[in-house]
Amino acid sequence: MSTYLLRRIWQMIPTLAGVMLLVFFLFNVFGGDPAAILAGKVASKEKIDAIREQLGLNAPIWVQLWIFVKQVFTFDFGASWSTNEAVSAIILQKAPVSLTVMLQVWLLDAIVAVTLAVAVAYKRGSFTDRAVMGICTAAMSISLLLYVVVGQWLLAYKLEWFPVLGWSDDFWTNVSTYAPLPILLLLFVSIAPSLRLYRSFVVEETGQDYARTARAKGASEHRVMFVHVLRNAAVPIVTNLALALPGLFVGSFLIEMVFSIPGLGKEIVNAVQRSDFPVIKAITVYLAMFAMAVNLLVDVLYKRLDPRVELK
Amino acid sequence: MTQQQASYGFWRAAGKRLWADKLARFCMAVLVVYFLVAGAAGMGWVAKDWNEEVGVSYANPSFLGDDYPNPQGKNSIISQDVLVIDEKQKAVDPLAPYYEEIEKNAAAYEKAEVKPSWTLPLGGDKWGRDVFDKVIKAGQVSISIGLASALLAVFIGTVLGALGGYFGGKLGDLLEWFYNIFTSVPYILLVLAFAAVFGKGVSTVILVLGFVGWTGTYRLIRAEYIKQRGRDYVMAANAIGASHGRKMFVHILPNVSHLILVQLSQLVVDFIKAEVILSFLGLGVPTDSVSWGIMINEVMPELVLGKWWQLATVAVVMSTFVVSFGLFTDLLRDALDPKASRR
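Sequence lines, in order, name chains Y and P.
Sequential numbering from 2 applies to the first sequence in this note's numbering.
Sequential numbering from 556 applies to the second sequence in this note's numbering.
For the record, the hints were derived by calculation from the structure and aren't laboratory data.
Hints are supplied without guarantee of correctness; some may be wrong.
To be verified - Label-pair ranges, simulated between beta-carbon atoms:
id	chain 1	residue 1	chain 2	residue 2	range
1	Y	Ala60	P	Phe710	36 to 44 Å
2	Y	Ile68	P	Glu607	49 to 57 Å
3	P	Val588	Y	Val310	44 to 52 Å
4	P	Phe581	Y	Arg224	43 to 51 Å
5	P	Asp787	Y	Tyr211	38 to 46 Å
6	Y	Leu166	P	Tyr664	46 to 54 Å
7	Y	Ala90	P	Phe581	33 to 41 Å
8	P	Phe710	Y	Asp300	41 to 49 Å
9	Y	Phe291	P	Lys725	50 to 58 Å
10	Y	Phe128	P	Glu607	48 to 56 Å
11	Y	Leu104	P	Phe710	37 to 45 Å
12	P	Ser617	Y	Gln274	52 to 60 Å
13	P	Leu578	Y	Asp307	35 to 43 Å
As the list claims (entries may be wrong) - In the DSSO-like style, the derived pairs of lysine-lysine whose C-alpha atoms are separated by at most 30 Å in a straight line are:
id	chain 1	residue 1	chain 2	residue 2
14	P	Lys659	P	Lys725
15	Y	Lys124	Y	Lys46
16	P	Lys681	P	Lys603
17	Y	Lys159	P	Lys681
18	Y	Lys124	P	Lys577
19	P	Lys681	P	Lys802
20	P	Lys643	P	Lys659
21	P	Lys659	Y	Lys46
22	P	Lys755	P	Lys603
23	P	Lys802	P	Lys725
24	P	Lys755	P	Lys782
25	P	Lys577	Y	Lys48
26	P	Lys681	P	Lys659
27	Y	Lys48	Y	Lys71
28	Y	Lys304	P	Lys782
For each residue, glycine too, the CB sits at the ideal point set by N, CA and C.
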């Protein structure tokens, strides 16, 4: 196990180096002259030169690359170009906001989708099954954008069930007042594909020999479903849930923009609009690292959930 | 004389399977209409004047008539005071003696004034542009972005996948490294990072989506090439001295082309959805142009004013296209690649 872990971590190094190279070349080589962006619309030659000197842009490219690598490992990306806040402070401040919304979405989506998937798989092939699958297909084909725009207008503006938008400094106010509508709308969008996927996992397992054996020895259908089938179907379901984790940190760009939630997603979109490269660079690199760690975690989880899996 | 019926070729058989399905035929009919209209808009035959202010601001849709409440409509509660210039006015107006001269001079620049219409077929937007023309033009932009970026992504994915799968070894490892890099960053974040660097514009959106979206195709084609390269027909081609390039693209490629077609179809839908979201966030198509995403972007303040027709139009038009294309992709996959699992 530990040799496996060590080797996997060793294998991550080239990928991580690649991500860093990609981000570096994307922003430092193709990204245009940051000094010109920073100096603003009316910039004198001296000002641009001063900024170039300050950012180390006059140094050869490998020195700049080295600066970037040091930035990544010291968690010090300097200050945002537009607000002059430290990038690390921005990330630490915004990530919990995104998570306040997205963790709830993630949990509720898992609970609702798994429950419904098992319930529908009980009656596979029946009218209920086909009706639910039909609704899922229809729901999936409508753009997230339309759900958000119409949902905000209908539920918040017209019916006044929720505030139209906003965010406060108090965690409980956010959870009880501002988060429910975004969460509800995101659930509308995310449950349909999850439900379809999980149903296919469960149905695949119900056809296996062990399920038949369990029924043959007289286990009730409930016991077959929840003890035998769900345990086996849990492997792909947990994988799927874990792989969705890195996305949670970014939150949903759309939902954060539309509802004015000051999370990471909104920060990234604003940074893109303002050409605030340090913020985008930092978030991209750290999320890639996080995603790699999650991938490793998934493989280890596999082993725990299904002892037959050989880790090589 | 009885003659044995020759069995159909692969494409013919797949085409027949697809045609036999009523739903597939219906989807194809819908898609053909969309592509024809988009093509006509691209040639400038229809919706050329989408940017003209042909109606009043928020003109009502024709089916509601001009009696439907509209601040600028006939039954408007706001009425303009018209100043009547009579003798008493003229006595205090310093310009009064010059009116005739002014009017005479102005006549030289007389232009036929287009009276903005109170109603438009599907209503008007804030600037009085015809929503019907707009949605056609927007469809042309969105569909062509989806098609072009999907072609680019599939091209990159196929070439890299073919190289990686066919040669393997060091080159294969290098390409796998590329693949790992691109897949370790969440997709939408990578799109935004590319968008941040390359700026705005139609061609940028195409490049960004194409450069970021090739990974799925690469994975699929690479696996397929690894499977195919040991087959007898490739050995036979090798025996008669075919070059690597010939074996890869003349011998093997036709055998995986059905997968490429399905992939292309899938990516068009995905990229149209992505473009809509990018444009909505203000990172895609520039605002002097129009796309479905930009139309939805304009909708939010309109809804508050009770002007729902632009939203309804774009929602119906876009959803119909996406649903038809999505269903068509599924059916195409069933017809071309029966073994593929459907999720």
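Range hint compliance [Cβ, P:Asp787 to Y:Tyr211, 38 to 46 Å]
holds (39 Å)
Just tell me: holds or violated, for the beta carbon distance of P:Phe710 and Y:Asp300 against 41 to 49 Å?
Given a distance of about 33 Å, which is not inside 41 to 49 Å, the answer is violated.
For the pair Y:Ile68 and P:Glu607, does the Cβ-Cβ distance stay inside 49 to 57 Å?
With Cβ atoms ~53 Å apart, the hint holds.
Given the proposed pairing of P:Lys755 with P:Lys603, does the C-alpha separation stay at or below 30 Å?
holds (23 Å)
Is 43 to 51 Å right for how far apart the beta carbons of P:Phe581 and Y:Arg224 are?
holds (45 Å)
Cβ separation of Y:Leu166 and P:Tyr664, checked against the hinted range 46 to 54 Å
holds (48 Å)
Restraint status (C-alpha distance of Y:Lys124 to Y:Lys46 at most 30 Å):
At roughly 73 Å apart (the allowed maximum being 30 Å), Y:Lys46 and Y:Lys124 break the hint.
Outcome for the supplied range 37 to 45 Å, where the beta carbon pair is Y:Leu104 and P:Phe710:
The hinted range 37 to 45 Å holds for Y:Leu104 and P:Phe710, with Cβ atoms some 39 Å apart.
Assessment of proposed distance window 33 to 41 Å (beta carbons of Y:Ala90, P:Phe581)
Between Y:Ala90 and P:Phe581, where Cβ atoms are some 55 Å apart, the hint is violated.
Restraint status (C-alpha distance of Y:Lys124 to P:Lys577 at most 30 Å)
holds (28 Å)
Keeping to a limit of 30 Å between CA atoms, is the pair of P:Lys577 and Y:Lys48 held or broken?
violated (68 Å)
Given the hint that P:Lys659 pairs with Y:Lys46, test it: the Cα-Cα distance must not exceed 30 Å.
violated (54 Å)
Against the hints set out earlier in the document, violations occur for numbers 7, 8, 9, 12, 14, 15, 19, 21, 24, 25 and 26.
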